[in-house]
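Spelled out, the chains give:
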Amino acid sequence: MNGFFDLPSDLQHSYLGLVGLHLREALLPVLAGLIVSLPVAQLCVRFRWIYPPVLGITTVLYAIPSLAFFVVLIDYFGQSETTVMVPLALYSLVVLVPAIVDGVRSVPPETLAAAQAMGFGPVRRYLQVQLPIAVPAIIAGLRVATVSSISLVSVGMLIGNQGALGNMLYDAQTYERSALAVNSVLTIGALGVLADGALVLVRVLLTPWMPKKGAGR
Amino acid sequence: MNVLDFARAFFTDSAHWHGYDGIPTRFAEHVGYSLEALVIAAVIGLPVGLVTGHYGRGGNTLALIATAGRALPSFGLLVLMVIWLGLGTLPVMIPLVVLAVPPILVTTYEAVRSVDPSPVDAARGMGMPEARVLFQVELPVALPLIYSGLRTAAIQIVSTATIAAYVGLGGIGRYIIDGLYQKDYEKVVGGATLVAGLALVTLAVFWAVSRLTVSPGVRRSG
Amino acid sequence: SSDGGTNDNPLTGGKASGDSVVVGSNNFPESNLLADIYGEALKAKGIKVTYKQNIGSRETTYGLIKNGSVSVMPEYNGALLAHLDQKAAPKTLEETTKAVNAELDSRLMLLDPSSAQAKDSVTVNAETAKKYHLTEKSSIADLKDVAKDLVIGASPEFQTRRQGLVGLKSVYGVEFKSFKALDVGGPLTRAALKNDDVQVADIFTTDPKISEEKFVVLQDPQNLFGFQNVQPLVHKGTLSQEGVAALNAVSAKLDTETLLKLDTQLQAEKKDPMDVAKAWLKSVGLG
Amino acid sequence: MIRIESVTKRYPDGTVAVDRLSLEIPDRAITVLVGPSGCGKTTTLRMINRMVEPSEGSILLDGQDIRQQPVNTLRRSMGYVIQNAGLFQHRTILDNIATVPRLLGWNKQKARARAAELMERVGLDSALAKRYPYQLSGGQQQRVGVARALAADPPVLLMDEPFSAVDPVVRKGLQDELLRIQEELGKTIVFVTHDIDEAIKLGTKVAVLRTGGRLAQFAPPAELLSAPADSFVEDFLGADRGIRRLSFFPADGLALETAPVVPVDADAGEIASRATAPYLLVTGSDGRPLGWSEPDKLTAGAVDREQLLDYGRPFLPATDSLRTALDGAVLSPTGWAVAVDGEGRAVGVVSQQVIGEAIRDAHSRVAERADAKAGR
Amino acid sequence: MIRIESVTKRYPDGTVAVDRLSLEIPDRAITVLVGPSGCGKTTTLRMINRMVEPSEGSILLDGQDIRQQPVNTLRRSMGYVIQNAGLFQHRTILDNIATVPRLLGWNKQKARARAAELMERVGLDSALAKRYPYQLSGGQQQRVGVARALAADPPVLLMDEPFSAVDPVVRKGLQDELLRIQEELGKTIVFVTHDIDEAIKLGTKVAVLRTGGRLAQFAPPAELLSAPADSFVEDFLGADRGIRRLSFFPADGLALETAPVVPVDADAGEIASRATAPYLLVTGSDGRPLGWSEPDKLTAGAVDREQLLDYGRPFLPATDSLRTALDGAVLSPTGWAVAVDGEGRAVGVVSQQVIGEAIRDAHSRVAERADAKAGR
Ligand SMILES: Nc1ncnc2c1ncn2[C@@H]1O[C@H](COP(=O)(O)OP(=O)(O)OP(=O)(O)O)[C@@H](O)[C@H]1O
Ligand SMILES: Nc1ncnc2c1ncn2[C@@H]1O[C@H](COP(=O)(O)OP(=O)(O)OP(=O)(O)O)[C@@H](O)[C@H]1O
Ligand SMILES: [Mg+2]
Ligand SMILES: [Mg+2]
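Protein chains in written order, with our numbering: chain V, 1 to 217; chain Y, 218 to 439; chain Z, 440 to 726; chain S, 727 to 1102; chain E, 1103 to 1478.
Hints in this document: simulated from the structure, not taken from any laboratory. Ideal Cβ placement from N, Cα and C applies to all residues, glycine included. Any given hint could turn out to be false.
Claimed, not checked - Far from chain V, some chain Z residues (derived; all Cβ distances over 12 Å):
#1 Glu469
#2 Gln492
#3 Gln658
Stated by the list, open to error - Now the stretches of chain Z that chain Y is said to cover, found in silico as 3 or more residues with beta-carbon under 8 Å:
#4 612-621
#5 678-690
Stated by the list, open to error - Now the stretches of chain V that chain Y is said to cover, found in silico as 3 or more residues with beta-carbon under 8 Å:
#6 40-54
#7 111-123
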């Protein structure tokens, strides 16, 4: 039972099971965050005055430690994955909303004027011009959100083993098996780096129109 | 009871305002950890970011380091460090620094990189030594972005420093961890409010510092 | 809204509670071990079991078992009583049992207590013992005059529990210089006590480290930490008669010595709790 | 026809960008709006396709107020070309050009076929079709912009400083291209620039606006040059007004003299017979000019080409203007300009004096026309 | 003097930006490098202050290889001005200008005093001293750039397309300013542009480079216009070569006729006495021209100003060139140009024919000088 990937029984999962659980707990909130932040960001673009307060609120939310969120949310969702995922989704909003807003705003004014002049309505213009051009910025935001979400899930361990791979940390401590902690940290780190790489790949596939690196500047 | 009630209850309880577990003590402890971590991270991140940005090399390596730094779970590192190093401030500083270096490093690099090349060119053309080009031409213009990197790092540190409480240290995190185990929502909400407040203070400090040190010429045109 | 209330909360992840028994545990190794032991004993009777381990402190787990997210929790009767009634100060096991049953939520029931006791304790490290001439015969009360120079370490919840700082002050008049929140008699607490980061700590009496590190457990003449018999707490209606019988059979076999032995296997020999549980159950013919 | 009727635009911040402007924009011609920065050119242009709504006044398209049709229908009937082309960076060249046809509901295949056709029309190699905008030079991007605007064959083209971001050589090419396209397709083009030379080169009529969005003058470019309405327009036109105006006077009416043209192999007699002219133009055996010589310095059969005087830059009477002819005359040390045919063969020479007379004649013809128009 | 001796620059990627270029850059004069985009102008300029190191060949400054002095000392002895000025946005105008003096170790006060002096020299209001670059217009920024380069009074000034980002009107002002400063201070200026007009206007000598970094021609602008070395240079110079060349011929030698000038209040006798001229120029009581009239249409005491012909744009014989005079003549329907003095009073008139003769004379004078120089 002391192989690097053998886990104590109280974790209730195999190593791969925890990896799957971890990814689910980390990625679902980012997805939810993306779905929510698209319209929110669009509102911020449309009504410029909304953006500063939204930024302010999200910055403060971002500063609130995840554990505090977990504890308060236990009341509403119990010691469950939901409790872990809700704050993660909130955090991803903090990263994604500004990323999308900046991305959409970075569309050159000539391009927008051209679209308007060609008779694009606002919805079409958003979907066919602004959003595609904002893809690199959105993915840049997604990268940060995803990686930090993957890293933050581990804190869920503190609220009754809801931290997926993070749960190994508790056992590492109580049973004084440091290998478990090393395993946990490295696995989470590797997942983060892999997810980041996957998103970079998605970006490359989605944006054949971007100048290749080195061609710019 | 809603969140606001908890917060009010927490802050109006006079027992929370003195002693080793009083708000002033915990707040000071928290500021102490955060400052220490920020200073260490800045000492590592700023010079590397400035130099790589100035020479425009190593951007990919930095991005990789930054991703790795962000990917390593602070909480996991903390537990690992406690297992390896035992109790104390060092095991807390390591994850906080790992957390804070990437934003400082990457934004500093980007900030220097993205300085308009023509004044830099002009500076070289008038015979400015490289060090002066970096400190007198690039740095003043890059300053706002560099501050934003430091600010992000600071906010993350302030928020994450709460985990110090998990390994028996003080700081505002104490209220949150204690609240969790004691099922005392007043403490949790009070602690969270304090952290958010400290974050706002941090924002204000950065705003003030940037007002004082960023040239009006850069502020208005950037 | 602080502990789930009466509505059955579907969000607590206890989805298996319909057809399988959810065995929970608190966030310390012995609780995990006990959960494994009780759970495996149920399994041996062909009952479906789901584990929900390391949930947290009693403050949390009590809410969960009350609303049915958890069906069975290994409990310590005195501690449970203290949680339910801050003022209770029973003098005997019977009094404890009676008092705790009186305070218990109507949806819950306690099965037979075992004779195994794992008490919280006020324990000092070797240095402190030497400095203040404390021995195994000394009482917590002996700290009264010197406590102002000592730091005590324990789990965060110790700070606000009667079986904690509250009781130490009211029962023994002991007030420490400061309190350091650590873990539930776990590695942090042990390490802190050993390194003299704290001079006094709450260590389980079943902790093998006590003899290993020459810690000195102080006597508790006022029974502040009461009777801490291991005793399964059950949400009514989740356990069949057969299940109840199985758990009672386990409790009958458990005693303090056994617990100490099993804890040692767990902590000193670093065995997996599940393996320890299964092996023991087998050895007593219940596995 | 587009009629701008007493239109005023006041932006919310109080800036009056256009002030009671009235213009009749002729069909199938290029109308240029020119003026200093901030004089309201862009605002005026954008009011035509309702990207900006006038505060007062109205704009009529073929007699109908433009507000009477749905805004997107209106816009799709007008091509719009701007500086830096405003291309969609995320779409290939072909898809960029096919944008409006697709908006109009054409199927993909038809829209792309049309786009390919247009690439050819604006002089873009079909190999560029699958590229993205960043892979094109500024001039090529600008061509894509024009092609995109033309894609749905709109009767009207609005162009806002389309060529101002490319370098002078490429810019000249684009201007020539635009004139060619305009000739072929006969679009109604409204063209904004702040470059007076561009305005004069492209405009059938030029509207000069002054700061504050008021019209200073609206006239064909030749008239602008000969009779600026006031000192603002005059200053704006700059020096060289006279010479630049000559661009509008064709050189085909010049009386060419053939007598002074002698082939390099002419015999002494022929040279002597032509010696009445002060200089003789020696041509090579292919008829192309070699240089000038005074008759007495010319020895039959032994022409020293080194000794011949520079003949400057010849002009083509059929297509060039008096400006080119005058330039040729002024450039030559003899004061005579050389006229050549399409193959570069000398077809005659003309003295600066004769060019001067032709200029005066042209002046008086213009004056007569003006008088006639004024009913005098 | 700066001598560029057979310099080649090959960039690491293999691009040959400059190919065996040799140039002698005259002292105290403006040498312009001109050529199409990418022809190596910037590279050449930057090799002079060693921001780029040549791959082959060497550059001498006053006979000494520039590699023999420390690079920063060399650079501080050369002012450097670039497009968009490259100002330090975090420093005030005054501090921007004081940069090099401060680098040279001057104390703050002295450096600022010098900066203030230079602001005046380049025509910047001293009220701008405390402003930041973003608060200045493009033209003002460019002036600051020039002032900054001049601050330490370097003998050499290197300018890389300094005026190409500002609009044409401001640009003209900056060019005039530069000529004035050059005249006052006598710096050795190397000026890069891709605008041939700018090159001709500013250059004492102009080096035309062709793509690939090879020298096509190096000559004074008048010579460039009259004798382009090959068709590349000729094409690059563009049309109007002859007329533009006239800018180099002063108008002060023109024989002015005063006979055709009559005051508006002249009596019949006076008008009759001057009627030999085809047209008479009527002047107002202040001596300024009013317009042309045929003598027989002029009635003493009853001049109908409306009926007078446009007198075009007058020229100042003392400062203007034959180009301006010719333009004036061509613009006027009479073919006569009007000469005025500084106050705008008509001092005489001259026919296009006379201007034509003057042009021919100027040509032959140039040819004689060239012959003399060539030893012929
Ligand atoms: N959306 C706006 N809100 C307020 N003022 C505006 C707006 N758009 C333009 N203006 C102002 O209206 C005036 C005319 O602007 P416009 O863009 O039409 O000028 P322009 O002639 O196109 O100038 P340029 O040559 O610089 O493009 C300017 O003073 C400008 O600052
Ligand atoms: N650092 C470099 N590395 C590689 N090639 C370069 C580099 N700098 C310039 N070049 C190339 O060298 C050639 C000359 O460049 P240079 O900048 O001197 O041209 P230029 O005449 O100044 O052009 P422009 O008018 O566009 O400024 C160009 O083909 C350019 O692409
Ligand atoms: Mg405009
Ligand atoms: Mg250049």
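Okay, the hints, checked on the actual structure:
The non-interface label for Glu469(Z) is inconsistent with chain V: the shortest C-beta to C-beta separation is roughly 10 Å, within 12 Å. Look at Gln492(Z): its CB is around 4 Å from the nearest CB on chain V, not clear of 12 Å, so calling it non-interface is violated. Distance check on Gln658(Z): its Cβ is at least 28 Å (rounded) from any Cβ of chain V, clearing the 12 Å threshold; non-interface status holds. Check result for the stretch 612-621 of chain Z against chain Y: holds, 5 residues qualifying (beta carbon to beta carbon below 8 Å, three or more required).
Counting residues of the stretch 678-690 of chain Z whose C-beta lies closer than 8 Å to any C-beta of chain Y gives 0; at least three are required, and the coverage claim is violated. Closer than 8 Å: that is the beta-carbon criterion, and the stretch 40-54 of chain V has 0 residues meeting it against chain Y, so the requirement of 3 is violated. Check result for the stretch 111-123 of chain V against chain Y: violated, 0 residues qualifying (beta carbon to beta carbon below 8 Å, three or more required).
Of the numbered hints stated above, those contradicted by the structure are hints 1, 2, 5, 6, 7, listed in ascending order.
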